[in-house]
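Enquirer: Sequence:
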Amino acid sequence: MTTRLRSLSRVKRVVIKIGSALLVDRGSGIKADWLDAISDDIAALKARGTDVLVVSSGAIALGRTVLDMPKGALKLEESQACAAVGQIALARHWAESLSRHQIVAGQILLTLGDTEERRRYLNARATLNQLLKIGAVPIINENDTVATTEIRYGDNDRLAARVATMAGADLLVLLSDIDGLYTAPPHLDPDARFLDTIEEITPEIEAMAGGAASELSRGGMRTKIDAGKIATGAGCAMIIASGKTMNPLASIETGARHSWFAASKSPVTARKTWIAGQLQPAGTIEVDAGAEGALKSGKSLLPAGVKSVSGAFHRGDTVSIVGTNGREIARGLAGYDVEEARRICGRKSKEIEEILGYAGRAAMIHRDDLVMTELGQRDAAAADDRKDAAHA
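Read in the working numbering, the sequence shown has 1115 at position 389, and its numbers run on one by one without any break.
Keep in mind the hints are simulated off the structure, nothing from the lab. As the structure is a computational prediction, the values presented were derived from the model and not from experiment. For each residue, glycine too, the CB sits at the ideal point set by N, CA and C. Don't take each hint at face value.
[What the hints assert, rightly or not] Straight-line alpha carbon distances no greater than 16 Å define the calculated EDC-like cross-link-like pairs of lysine to aspartate or glutamate that follow:
#1 955 <-> 979
#2 1025 <-> 1014
#3 970 <-> 794
#4 1033 <-> 1065
#5 1022 <-> 1012
#6 797 <-> 759
#7 970 <-> 767
#8 1033 <-> 1054
#9 970 <-> 905
#10 1074 <-> 1014
#11 955 <-> 925
#12 1025 <-> 979
#13 1033 <-> 1014
#14 955 <-> 926
#15 757 <-> 803
#16 970 <-> 751
#17 970 <-> 822
#18 1033 <-> 1012
#19 991 <-> 1077
#20 1022 <-> 1054
#21 970 <-> 903
#22 757 <-> 903
#23 955 <-> 930
#24 1022 <-> 1094
#25 991 <-> 925
#26 772 <-> 932
[To be verified] Taking CB as the label site, the calculated pair distances span:
#27 796 <-> 1036: 35 to 43 Å
#28 991 <-> 826: 38 to 46 Å
#29 758 <-> 1075: 42 to 50 Å
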């Protein structure tokens, strides 16, 4: 238990996902006392220098309470109407509660597409980072007012995991109405055994997942396990804990029971393997010898080292990087659209604003979004990534 508590207290960036049933009472609406209590927890984390992001469910649940909708399943258009009403109230409650600690809340509404399509992913990531930079707490929810297929069972668990990977968080905390993972759903099997630590999500672990436990919940253990696979594979540890108590984050630190999912031991390698092998290049960037050497030493690709650009790519698309011998040496996610890339290739980063008319990114491709693919270099990069992970 000591190791996990130390990890929670020392995290640099944490994503907290809160289920609807914790925030909203079916009869009276928002649970103001509970919200204030977790805001106190968030303030304590921020006081220690931890960046905090919140993925907050509850818009539909709150909206249906405000609108006095009948119990039972809602039609799609009814869910969207409830979300439209509930989202305003939810954001207001968060802003007011956090303001007691002089903390500013910033609302971000996402669909899964915003975390899947690379161009939108980069835009969302930049917004999150800017909010954190100025000390705000992003309050994130799915954009249920316009979502269609996204309005389904438990998406905010998976969305929270994607937000955690997008933001580079080192911990994801899923607060719900259960205190962790059991070998079987405990409300169905009295002999179910609690699992304290999960080093790896195996098929056996996946088989233990159950369903949603309340009317207001759209998520269940299945979506939490899915979230765990996303988060831990990207190097982010995960906690599943009960949020039924007041100050649930403080309770975790003082010993409340929870399940700890260990992060992958080689997350950077896994992510870069995905970039190299799962995405098809939309264009090609040819670099000079200086840039090729810089890339091989782990640096970002700057415009000054680019000789030519071809293809029809947009910012966030995967591009192939070709070295002086005419062969691919790397792949990465473009920081600029192809036309902008052509205009700044061969130029110094400090000239970008004058050329494009806005202060763009210094790198054509950032090192975090780049993987060496040339035989030998790829293996060396993977070894370096493993060293980095071991010392993280």
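Enquirer: None of the hints should be skipped; say for each whether it holds.
Expert: Right, here's what the structure says about each hint:
{"no.": "1", "hint": "955 <-> 979", "result": "24 Å, violated"}
{"no.": "2", "hint": "1025 <-> 1014", "result": "14 Å, holds"}
{"no.": "3", "hint": "970 <-> 794", "result": "24 Å, violated"}
{"no.": "4", "hint": "1033 <-> 1065", "result": "14 Å, holds"}
{"no.": "5", "hint": "1022 <-> 1012", "result": "15 Å, holds"}
{"no.": "6", "hint": "797 <-> 759", "result": "24 Å, violated"}
{"no.": "7", "hint": "970 <-> 767", "result": "14 Å, holds"}
{"no.": "8", "hint": "1033 <-> 1054", "result": "14 Å, holds"}
{"no.": "9", "hint": "970 <-> 905", "result": "9 Å, holds"}
{"no.": "10", "hint": "1074 <-> 1014", "result": "14 Å, holds"}
{"no.": "11", "hint": "955 <-> 925", "result": "11 Å, holds"}
{"no.": "12", "hint": "1025 <-> 979", "result": "38 Å, violated"}
{"no.": "13", "hint": "1033 <-> 1014", "result": "6 Å, holds"}
{"no.": "14", "hint": "955 <-> 926", "result": "9 Å, holds"}
{"no.": "15", "hint": "757 <-> 803", "result": "26 Å, violated"}
{"no.": "16", "hint": "970 <-> 751", "result": "12 Å, holds"}
{"no.": "17", "hint": "970 <-> 822", "result": "21 Å, violated"}
{"no.": "18", "hint": "1033 <-> 1012", "result": "5 Å, holds"}
{"no.": "19", "hint": "991 <-> 1077", "result": "40 Å, violated"}
{"no.": "20", "hint": "1022 <-> 1054", "result": "12 Å, holds"}
{"no.": "21", "hint": "970 <-> 903", "result": "6 Å, holds"}
{"no.": "22", "hint": "757 <-> 903", "result": "14 Å, holds"}
{"no.": "23", "hint": "955 <-> 930", "result": "13 Å, holds"}
{"no.": "24", "hint": "1022 <-> 1094", "result": "13 Å, holds"}
{"no.": "25", "hint": "991 <-> 925", "result": "10 Å, holds"}
{"no.": "26", "hint": "772 <-> 932", "result": "34 Å, violated"}
{"no.": "27", "hint": "796 <-> 1036: 35 to 43 Å", "result": "59 Å, violated"}
{"no.": "28", "hint": "991 <-> 826: 38 to 46 Å", "result": "40 Å, holds"}
{"no.": "29", "hint": "758 <-> 1075: 42 to 50 Å", "result": "49 Å, holds"}
Consistency with the previously given hints fails for numbers 1, 3, 6, 12, 15, 17, 19, 26, 27, ordered from lowest to highest.
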